[in-house]
Amino acid sequence: MERLIFDAAALVAIVFAGLMVAGRDPIKSVLALAVSFFALAVTYVLLLAPFIAALQIIVYAGAILVLFLFLIMLLNVGPERPDGVRRPVQTFLGSLSVVVFAGLLLGMLRASGARLPGQPEAVAADALPDPKALGRLLFSDYLLHFEAVSVLLLAALVGAFVLARRENAQ
Amino acid sequence: MIGPIPLSHVLLASGALFAIGVAGALLRRNAIQIFLSIELMMNAANLALIGYGAALGTQQGQIIVFFVIAIAAAEASVGLAIFVAIFRHTETIDVNKINLLKW
Amino acid sequence: MTLVDGAIVVLRVVVPALILPALVIPLVWVERRVAAFIQDRPGPNRVGPFGLLQSPADIIKLFTKEDVVPAATDKFLFLLAPSLAVFAALSTFAVVPYGPTIRVAGKVIPMVGADVSVGLLYVFAITSLSVYAIVLAGWSSNDKFSLLGGIRSSAQIISYELAMTTAAAGVVLAAGSFRLTDIVAMQEGTFRLLPVVPRWNFFPQVIGFIVFFVSAFAETNRLPFDLPEAEAELVAGYHTEYSAMRFGSYFLAEYINVIVASAMTATLYFGGWSLPGFHPEGWLGGLLGLLIFAAKTAFFVLVFIWVRWTLPRFRYDQLMRLGWKTLLPLSLANLLWVALLAIWRTSR
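Protein chains in written order, with this note's numbering: chain E, 1 to 170; chain R, 1001 to 1103; chain F, 2001 to 2348.
Simulated from the structure, these hints should not be mistaken for laboratory data.
Warning: the hint list may mix true and false statements.
Here are some of the chain R residues that sit facing chain E, going by a computed Cβ distance under 7 Å [to be verified]:
no.	residue
1	Ile1034
2	Ala1054
3	Gln1062
4	Ala1076
5	Phe1087
6	His1089
7	Thr1090
Ideal Cβ positions, reconstructed from N, Cα and C, are used throughout, including at glycine.
Here chain E stands alone, though its shape is the one from the complex (with noise of 0.2 Å):
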C-alpha cells in the first residue's frame, strides 16, 4: 500500500516538474511546481520524514512559490514569445549534455543504492520519529550549523533589500 501511495506520488513530482520545465507560461510553471512540491511533501511522509513534510510545504509552497507568483503578477510577466531566433547548435548541446548527465546520474544512484549497507524492515513505516529528536540534534551536534544558516538568511535579507530598492529613491 505504502509502495503504491509512494510510486505514485513519486509519478506525480515528476509529471508536474516535465509540465514546469514544458510551459510557456510562467503562471502556469510555478503551479505545477507546486503540485510537484506537494506531491514530494507526500513521499517524504512515507519516508518517515513528516517535519520535513510539512516544513516543505511551509517553505516552498507556501513562501517562495507565493513570492514567485507574487513578482509574476506584480511585472505582469507574459506568456513566452517565440523570438524568432533559432539557435540549433545550443539546443542540440544543451539537450545532449542533459541525456549524458542524466544517464550519468541515473546510473550512479544506481550503483550506490545497490552498495548501502542493507538493513531490511529496521525501520518500521508506524514508528514515525518524533520532530523532538530532530531538534536536539539541531541545537546540538549541528548546532554551529544552524547559526551559521542564521547569519546566511540575516545576510540575504539585507541583500535582498539592498538589490530591490530603487536606486533614487530618496
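Dock chains R and F against chain E, hints included.
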C-alpha cells in the same frame, strides 16, 4: 527498504527530478523557469537525502534537508530581488536578452 | 481492523468535515443578526421564525443562479480556485482535537480526525496553501480589481503568517510538542502556584495570544484586514468576477476559516475541550468535552463578528506596519519570555 518502499524507487524518482531540473535550467530562456528548475534540483537532492537517511535509520539526512530548505529560502529572496532589479532596467526576464553587463 | 474500528475512523474524520460546512448556515444568520444588533436595526427576521430560514433561502438562491464565467478568464484556474479555497478551509480541521479520548464498550476513541506528531505544522502548511485560492482567483479573472486583491492578499498573508507562526511557537515551546492533543493535555488542571487559575496558555502568554488572534483576523481576510476584497476601493477584490455558487464557495471558505481559527485559538490558548476539574468518562464525558470545546469556539466566533462590525478597515501601509513592526517583534518577545519560563521551570 524503508518499510515497504525500496530505496531504488526513491533514488530513481530523485534522479529523474534532478534530470528534469537540469533540462529546464539548460534549455529554457525564461529566467523564472530557470530559477524554478534550480529549486526543483534542490528538491530532487532532498528526496535522495531523506531516502538515504531513512534507509540507514538515521535522522542526519533530514537535518541536511532542513539546512537546504533554509538556504533555498535565502537564495529565492536574493534571486527574486535580482529579477526585480533587472526587470526595472530592461523590462524583460528573457536571459538571452540580458546580455549586457552595463545598461 | 474490524468493520467497527473502520466505521469509527470514518466517523471521526468524516463527520467534522460534514458538520463544518453545515455550521456555516446558522453562522451567517448569527453574523447578520449580531451586525444588526450592533447597528441598532432588526436584521433578517422575515423568513421563518426569527429569520432563521434566511440563510437556507440565500443558499438556494446561490445554487440556482446562473454561473457566469467571463470570456477573457483563464478557464481552468478560474474554476479551480474556489474549490481550493474550500479544500484548504476544510482540511485544516483534520488535526484539531474536538473532544477527549474516550472509552466506549472497550474501544479507545480519540476525538480527533488524525492525531499526527506535526499537527500544528500541518495546520500552518494547509493555511499557507489557502493563499493560492485567492491569488489564483485574482490572476485568472483577468480584471484589475481582482488582480489588485490577489496581490494584496499574497503580501498580507505572507506577512502575517510570520507573526502567527512565531506566536504559536511559544505554545509549542511550552508544550514541548507539535501534537495538538499534547498541547491540550498540558493545559489541563490549574497552576501550582495559583490553584484557582486554569493552566491555560493564555495566562503566561497573553502577548502571544494577542498576536495570534490579530494575525488570525488577517489570515481569514476579515475586517479590519479585509483589504483583498475591500469593497470601497476594489469592488469585491479577488472574487469580483465570480457569481452563483463559485462566489458561494469563497463565502463558505471564509466562514469555515473563521470557525477553524476560533477552534485553533481555543485549542492553543484556552485548553481546548478541557476544564479544570473535568475528567471525562465514557460517552457522556466525550459529549461534555465536545460541548465545552464548542462553547469556547463559539465565543471566539462571536468575537470575530463583534470586531468586524466595530472596527474600520486598515489602510495598506498601516496593515504592513502593524504586521512587521508591531506584531512580529511582539511575538519574538513572547517567544523569549516563554523560553525563560521553560528554563525557570526545568531549573527548579
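Going down the list of hints, with the structure as the test:
no. : hint    : in the structure
1   : Ile1034 : violated, 10 Å
2   : Ala1054 : holds, 5 Å
3   : Gln1062 : holds, 5 Å
4   : Ala1076 : holds, 5 Å
5   : Phe1087 : holds, 5 Å
6   : His1089 : violated, 10 Å
7   : Thr1090 : violated, 11 Å
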